[in-house]
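**Q** As a plain string of letters, each chain reads:
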Amino acid sequence: MDRAQADRLVDVAYTETDSPVGRLLVAVTDRGLVRVSFPRERRERVLEELAERLSPRVLEAPRRLDQVRRELDQYFLGERTEFELPLDWSLTSTPFRRKVLERTAQVPYGATISYRDAAEAAGNERAVRAAGTALGTNPIPIVVPCHRVLRTGGALGGYGGGLDAKRFLLDLELGRSTVTGE
Amino acid sequence: MAGTRSPHVKLPPFQLLLDRHSGELFRFLSASVGPVDAEDAFQETFLSALRAYPKLRDASNLRAWLFQIAHRKALDVHRVRGRNPIPVDQVPEVAVVAGGEAEPALWRAVRRLPNKQRTAVFLRFAADLDYALIGEALSCSEPAARQNVRAGLATIRKGWADG
Numbered sequence: 151m152d153r154a155q156a157d158r159l160v161d162v163a164y165t166e167t168d169s170p171v172g173r174l175l176v177a178v179t180d181r182g183l184v185r186v187s188f189p190r191e192r193r194e195r196v197l198e199e200l201a202e203r204l205s206p207r208v209l210e211a212p213r214r215l216d217q218v219r220r221e222l223d224q225y226f227l228g229e230r231t232e233f234e235l236p237l238d239w240s241l242t243s244t245p246f247r248r249k250v251l252e253r254t255a256q257v258p259y260g261a262t263i264s265y266r267d268a269a270e271a272a273g274n275e276r277a278v279r280a281a282g283t284a285l286g287t288n289p290i291p292i293v294v295p296c297h298r299v300l301r302t303g304g305a306l307g308g309y310g311g312g313l314d315a316k317r318f319l320l321d322l323e324l325g326r327s328t329v330t331g332e
Numbered sequence: 036m037a038g039t040r041s042p043h044v045k046l047p048p049f050q051l052l053l054d055r056h057s058g059e060l061f062r063f064l065s066a067s068v069g070p071v072d073a074e075d076a077f078q079e080t081f082l083s084a085l086r087a088y089p090k091l092r093d094a095s096n097l098r099a100w101l102f103q104i105a106h107r108k109a110l111d112v113h114r115v116r117g118r119n120p121i122p123v124d125q126v127p128e129v130a131v132v133a134g135g136e137a138e139p140a141l142w143r144a145v146r147r148l149p150n151k152q153r154t155a156v157f158l159r160f161a162a163d164l165d166y167a168l169i170g171e172a173l174s175c176s177e178p179a180a181r182q183n184v185r186a187g188l189a190t191i192r193k194g195w196a197d198g
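Each protein sequence line maps, in turn, to chains A and B. In terms of the working numbering, the first sequence has 314 at position 164, counting the first letter as 1, and numbering is strictly consecutive. In terms of the working numbering, the second sequence has 175 at position 140, counting the first letter as 1, and numbering is strictly consecutive.
The following block holds chain B by itself, in its conformation from the complex (with noise of 0.2 Å):
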């Protein structure tokens, strides 16, 4: 047990970071991939995540990095869609509230947005992280991260436009 620990790295047990961001990890990929997919979603990013944390080098930023961990897993969850394309609307819609907001057709449609568009818009405005996270997160810049939420921002608009 614990052979592969790095040394100077001092990590939080890890189910106080489970207590603390598994609603909002959820409710991540509930936004990301709808709710059907959301809860396998949910255990793989647990389990990738509890599989690679004693071997962490930065503990500085946990959050992004459970975040970055719900971003690959969402990805992977497109990825077969796209082998075996399921008509997103054809999902049932009964419960696809991204953590109970209201406007449920605002989410579709940034679930309908290219990958690192979708992500980066529901950490900035669900997951409230400022945009030097959302760059951990999605092992990209701090300005690429805000100009993914402007373009994700300005699709939406423009689909909400069009009706």
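Isolated chain A (complex conformation) (with noise of 0.2 Å):
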């Protein structure tokens, strides 16, 4: 096949990889990483809303993500503490989320803060459940380490991937992760 062709004419390349939080499903787009899912959001259903909301030339494309891929390996191999990864936000659809989701991606490796924080900085102290929201769907978590973001008092609060997930990366940045992630 004509690869340059065709690469050309495919809008979203994904693909899935292997991590100690379950098989991911990695999606870009030309401007960048457009989402990451955790193997408890069906294959086809996250397909389906790529096609619906960025464009049905959707392909399995692993070569169009080998640095994401990268990333996120030395990521959990404890070796990367900051992503260099271009992002998409195409899928984060109100500016109230998108300054949480931003407010989120600039809290540092190892670091935490409330979903109190995050509202605060998307300018309402107030809108705690709608930052919780922002949070909840997140399109690119771990990249966009909504992970760090907890309850006023440290509670978990809640995350896409399950709440294992979510401990086991705070946990992998404090430097206390054990092998696995089951």
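Among the hints, erroneous ones may be present.
Partial list, computed: chain A residues near chain B (C-beta under 8 Å) [said to hold, decoys possible]: (1) Leu175; (2) Ala201; (3) Glu210; (4) Asn274.
Bear in mind the hints are in silico, worked out from the structure with no lab data behind them. Don't be surprised by glycine CBs; every beta carbon is placed ideally from N, CA and C.
The two chains are supplied separately, each in an independent frame; assemble them into the complex guided by the hints.
**A** This is how it looks when you write it as structure tokens:
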């Protein structure tokens, strides 16, 4: 096949990659990383959402995700504390959610903030519940580290990948992860 | 991106289409143009489909749409051969098995049919499409599709009888 030609026609390229928190589906557009999903979200459903909201030209194209996979692997090995991937925010539909997630993206490795901090950064400290929703619908978890947002007082709160995954990621960043993330 | 999308048409992710139909499309092309050219014809089909996909206005029959494209690509192959005739019988026959069936000779007979008949026969018996869908794939009416299948079978039967 004429690969270059095919590549230009692919609007959303995705692949799946193994990680200690389960097999992740990762997707990119020309602009950057647009989606990371955990196994508890059905693969077909995730692909359908990408087709509906971005473009139906969604194709499995692992080579286009080499950098994404490399950085994720390094992160899970504890060798990377910051991602250098360009991000595509197309799946974040409101300015409020975008602000919450952008604030979250600035929380350093190993640190945490509260849902209230995230809401405040988005300009409304009383919108804690809405901030929770923004984080719960984070299309790019792990890379946009919504696992670093906790309840005031330190309780875990929620997580799209499941609380075990959230705990695993927090432990990993504090250097006390165990080998597996089961 | 996505500037060419049609509104109101819900198209599945292209990869899922491919997962579902690439096997039968490839078998169709193998039967139609032979295994040597099937690979290229398949890639051409794939690229054409991918190019046109976001602009599709009707998603109700994607399978027939894919076969329609494959049929056109098969015609292209036959057209090129018409200009540079290569006797079909000289194509190595080792792997000439369209989808692994036991009777390559039968499929060779199918391949020698006129274009529309060949596609119609294959779509009916190897891909199990009904006549309405075959009509869509061939851009003709349902009765015309039926007629092409009937004529194709008659030709094959005649060739068989003539030995």
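**Q** A separate judgement is required for each hint: does it hold in the structure or not?
**A** Hints versus structure:
1. Given hint, A:Leu175 at the interface with chain B, is violated; its Cβ is 11 Å from that chain's nearest Cβ, farther than 8 Å.
2. Using the Cβ-Cβ criterion of 8 Å, the hint placing A:Ala201 at the interface with chain B is satisfied: the shortest such distance is roughly 4 Å.
3. Contact between A:Glu210 and chain B, as hinted, is supported at the beta carbon level, the nearest pair being about 5 Å apart and thus within 8 Å.
4. The interface hint given for A:Asn274 is broken, as the beta carbon of that residue sits about 31 Å from the closest beta carbon of chain B, more than 8 Å.
Violated hints, in rising order: 1 and 4; the structure is consistent with all others.
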